[in-house]
Amino acid sequence: MGEGPVASPGRRRIVTPGRSAIGGLVLALLLLPLVGGQYAQYVAIQVLILSLFALGFNILFGYTGLLSFGQAGFYAVGAYGCAKLLLLTPSLLFGVVGGTLLAGAAALVLGVLCIRHTRIYFSMLTLAFGMMIFSMALKWRDFTGGDDGLVGIPRAPLEIPGLVSVSMASMGRYYYFVLAVSLVAIAIAYRLVHSPLGLTFQGIRDSEGRMAFTGVSVRTYRLIAFVIAGLYAGLAGALLPALENTVTPPVAHWTTSADPVLATLLGGIQAFAGPIVGAFLYFMIKDVIVRFTEYWLIWLGIIVVVLVMGFRGGVVSLATARWRVHRPGREGA
Amino acid sequence: MTEYLLETKGLRKTFGRLAAVAGVSLGLTEGTLAAVIGPNGAGKTTLINLLTGLLTPDTGTVRFKGEDITRVPSHGRVRRGLSRSFQIMNIFPNLTVRQNLLLPALSRRGRNLHAVARLEDETGANAEAEELLREIGLWDHRGARAGALSHGDQRLLELGIAVGTRPKLCFLDEPCAGMNPIERQTVLGLMRKLSGQRRTTFVIVEHDMDVVFSLAERIVVMNHGEVLADGTPAEIRENRVVRETYLGAEV
Amino acid sequence: METLAFQGVVGLSMAMYLWLISAGLTIIFGVLGVINFAHGSLFMLGAYLAFTFYGLLGWNFWLAIILSLAGTAVVGWVMERFFLRYLYGVDEAYQLLLTFGFILILDDAVKMIWGGVFRIPDIPAFLEGHWSVFGRPFPVYNAFIIAAGIVVGIVLWLGFERTWWGRTVRATASDREMANAIGVNVPRVFSGVFMLGAMLAALGGALGTPVRVVSPGLGAAMIIQAFVITVIGGLGNLKGAFVGSLIVGVLSAYGTLLFPVFELALIYLIMAVVLLVRPQGLFAR
Ligand SMILES: Nc1ncnc2c1ncn2[C@@H]1O[C@H](COP(=O)(O)OP(=O)(O)OP(=O)(O)O)[C@@H](O)[C@H]1O
Ligand SMILES: [Mg+2]
Chain A
1 MGEGPVASPG
11 RRRIVTPGRS
21 AIGGLVLALL
31 LLPLVGGQYA
41 QYVAIQVLIL
51 SLFALGFNIL
61 FGYTGLLSFG
71 QAGFYAVGAY
81 GCAKLLLLTP
91 SLLFGVVGGT
101 LLAGAAALVL
111 GVLCIRHTRI
121 YFSMLTLAFG
131 MMIFSMALKW
141 RDFTGGDDGL
151 VGIPRAPLEI
161 PGLVSVSMAS
171 MGRYYYFVLA
181 VSLVAIAIAY
191 RLVHSPLGLT
201 FQGIRDSEGR
211 MAFTGVSVRT
221 YRLIAFVIAG
231 LYAGLAGALL
241 PALENTVTPP
251 VAHWTTSADP
261 VLATLLGGIQ
271 AFAGPIVGAF
281 LYFMIKDVIV
291 RFTEYWLIWL
301 GIIVVVLVMG
311 FRGGVVSLAT
321 ARWRVHRPGR
331 EGA
Chain B
1 MTEYLLETKG
11 LRKTFGRLAA
21 VAGVSLGLTE
31 GTLAAVIGPN
41 GAGKTTLINL
51 LTGLLTPDTG
61 TVRFKGEDIT
71 RVPSHGRVRR
81 GLSRSFQIMN
91 IFPNLTVRQN
101 LLLPALSRRG
111 RNLHAVARLE
121 DETGANAEAE
131 ELLREIGLWD
141 HRGARAGALS
151 HGDQRLLELG
161 IAVGTRPKLC
171 FLDEPCAGMN
181 PIERQTVLGL
191 MRKLSGQRRT
201 TFVIVEHDMD
211 VVFSLAERIV
221 VMNHGEVLAD
231 GTPAEIRENR
241 VVRETYLGAE
251 V
Chain C
1 METLAFQGVV
11 GLSMAMYLWL
21 ISAGLTIIFG
31 VLGVINFAHG
41 SLFMLGAYLA
51 FTFYGLLGWN
61 FWLAIILSLA
71 GTAVVGWVME
81 RFFLRYLYGV
91 DEAYQLLLTF
101 GFILILDDAV
111 KMIWGGVFRI
121 PDIPAFLEGH
131 WSVFGRPFPV
141 YNAFIIAAGI
151 VVGIVLWLGF
161 ERTWWGRTVR
171 ATASDREMAN
181 AIGVNVPRVF
191 SGVFMLGAML
201 AALGGALGTP
211 VRVVSPGLGA
221 AMIIQAFVIT
231 VIGGLGNLKG
241 AFVGSLIVGV
251 LSAYGTLLFP
261 VFELALIYLI
271 MAVVLLVRPQ
281 GLFAR
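Chains as they are written, first to last, in this note's numbering: chain A, 1 to 333; chain B, 1 to 251; chain C, 1 to 285.
You may find that some hints are simply not true.
What the hints assert, rightly or not - Here are the simulated DSSO-like pairs of lysine-lysine, each with C-alpha atoms no more than 30 Å apart in a straight line:
1. B:K168 - B:K193
2. B:K9 - B:K65
3. A:K84 - C:K111
4. A:K286 - C:K239
5. A:K84 - A:K139
6. B:K65 - B:K193
To be verified - Sample of chain C residues lacking proximity to chain A, with all beta carbon distances greater than 10 Å (derived):
7. F100
8. L106
9. A109
10. L127
11. G135
12. V155
13. M178
14. N185
15. R188
16. F227
17. T230
18. V243
19. Y254
20. M271
The set of hints was computed from the structure by calculation and includes no laboratory data.
Quick reminder that beta carbons are idealized off the backbone N, C-alpha and C, glycines included.
Working from the sequences, and respecting the hints, build out all of it.
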């Protein structure tokens, strides 16, 4: 009949963590290079990148109710775009911003097609278009280097013309750069989901029909959410080339799209911090598993199945279940 | 010739071989509370869906305040001053009651796109939502998850969302279904109040004849997708065709 | 000109593999309301099983196919009976996520069991050889594939339209509660349909073993094409799946010939055009 409320992935209201916890965490992240070595910094960068990737994914999934399996496409556009720019002119900021914006543009173009549908159809379309980008990464040799990808990408200095030029040669420097970018991006996302726009997304997730009858063009806002998720995926991807010095087609593969899905599921889709916590857990789990077996994906799959069958709220909702009981009557407006 | 608030000509919608709305021409006058009645499957909901843009008619036109809105999507009609509630409950179940009412208020002010403002700082919209919360008697539940409210409270909330856009014309599809008498009084009271204060014109679909005959100034009787009769309550009561085919011995 | 015609015939046989997998996908969706993301992996599993029995063990071709169908059906049954069944009541996003998890499991599982890439086994003797089509040699095996696809189509159509079983399934598809009320064992129908869909995918995979290499990436490649087909043809619609398969199969064949670099881009382009012009697909219900 097209009247009933749209089923939503979020069964509960979004919960937020305490301030002191955030302060402690940021402090720990700032001090990390002093205690951890190169490898710890490298992994921390990976966690931050996946956090951004998953955070954007969850704005689309947890907040707007659209499950995308093609985010790796935009991640790859960000990565390839940034890599190309870095190869062109060695300026980190230029590369990262450029890669992000390119991903946003790609999300805008493909989004127009994908958001014509919701739910199952939307998920299928995103997977298909994501793989279209993968096939381009693989086959458009002149631009992407095909199988071999792009190599020899410099970790260019952070340059603001006429102002500063900071070398990024050491891992520690790059770590601080990624940390700064991530904190800003996370803060923006936090602000966004608690703004009228964020509430609008949640309204669309809960009931598209009702939302249209508050006078809002649901399609337009779905597209906005899609572009925001694309920008975050692009930013995450754009932080990659300077870290790895190379970009190869697997970044665009659907198995990469599974990363933010899994991180978000692990952490919990109903909490703002869910994807971030999940990104951390994801690397912990991966780190343990790859010590024992090269078949990491099968375990990833088993974890997905277990989470979906039994723990749809993710870790954060388990942790905050108690917390919420102790603070009754709080209003979430 | 009177200027109608909303006017339809030859409105028709078929599902497969079934003509759910089979050529309806109607004019709704500003300030006249109208009721659409008719047996189950008469096409009442389909008619409202056509008028509010949820469905597009096979043939026929819809004009609102003189403008042809036949091809205007739902959200565009809402911006022009139309609104509705749904027969099957349609609220935002995972948001708080307050947030449910904040959404129409934000939309009315064109604030949806604001991505940096805090919700708390939306003073105008918040004030409006709070006023509505009191009016529909859900103030005490403002922090609750909307999906956790009782059935009657959810219906009241949906009514609140529908009038929250401050419509000129508001369709309510069985607003009192499944409500207890107190909740019903809240609904009717709110409708009377808004009709007076904000000059909102209500059109209700209702099966409860007590509600219809006590409230409506005009009654449209539908059957098999067609308008069977159209007139004041007194006229409808006297109408032989209606008595025979629909009201039977009830009235 | 002849090359073009010949390529069209080759495309037809490619279309048949696609038809088999998208038929299963669309039937499962039509009845259960679930999109099985792991359907390509079932196709791949069918290919691996057939390859094992026929290519590695050298058993009879037909026996290998039957065993491959049976094996895949069992895997499908486990997926539906012990996992999917418990998710019908929750948001469909979780059903998608579950089957997404199955892709990861199945893809890695075949890697664990069978390792990397394989050689292609010989074509069974009775299907060897060529016919002359448009003056070019046309492999008998391709003709066999085309025939098989058409036969499956006819059997499916007859099965759904003309048998008691088909009527039961259609009744369940259009109204679960009603079907349940009139005594249909809905859970069993669901399991049965899921297994049927799995077997169709497996058949597509198994039939391809003598002509194409099986590799762990096969499942993903197939499911993407099947998605494109269902988007073009309309979700849940068998006729749409058939026509969509023909379009994608034949055009990919021409694409390989005309623009080898952007062969894949071509089908996405068609999908994009269909989305813009007819968002519900060519044969939407
Ligand atoms: N989307 C649809 N697809 C097919 N048939 C429909 C659809 N919507 C309504 N119908 C049919 O159109 C007819 C009119 O339905 P409608 O919901 O408008 O009736 P109604 O007067 O609102 O009835 P009720 O009092 O039960 O709400 C019914 O026979 C219904 O089954
Ligand atoms: Mg109705």
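Going down the list of hints, with the structure as the test:
1. B:K168 - B:K193: Measuring from Cα to Cα gives roughly 14 Å; hence the hint holds.
2. B:K9 - B:K65: holds (14 Å)
3. A:K84 - C:K111: Violated. K84 of chain A to K111 of chain C sits at ~34 Å, over the 30 Å cutoff.
4. A:K286 - C:K239: violated (44 Å)
5. A:K84 - A:K139: The hint holds at about 16 Å.
6. B:K65 - B:K193: holds (23 Å)
7. F100: For F100 of chain C, whose nearest Cβ neighbour in chain A is about 7 Å away, the distance does not exceed 10 Å, so it is violated.
8. L106: The claim breaks: L106 of chain C does not keep its Cβ more than 10 Å from every Cβ of chain A (closest is about 8 Å).
9. A109: violated (6 Å)
10. L127: Correct as stated: the minimum Cβ-Cβ distance to chain A is 32 Å, above 10 Å.
11. G135: holds (32 Å)
12. V155: Answer for V155 of chain C: holds, closest chain A Cβ roughly 27 Å.
13. M178: holds (16 Å)
14. N185: Label holds. Min Cβ-Cβ 24 Å, cutoff 10 Å.
15. R188: holds (21 Å)
16. F227: violated (5 Å)
17. T230: violated (7 Å)
18. V243: holds (18 Å)
19. Y254: holds (17 Å)
20. M271: Its Cβ does come within 10 Å of chain A, the nearest being 7 Å, so this is violated.
Against the hints set out earlier in the document, violations occur for numbers 3, 4, 7, 8, 9, 16, 17, 20.
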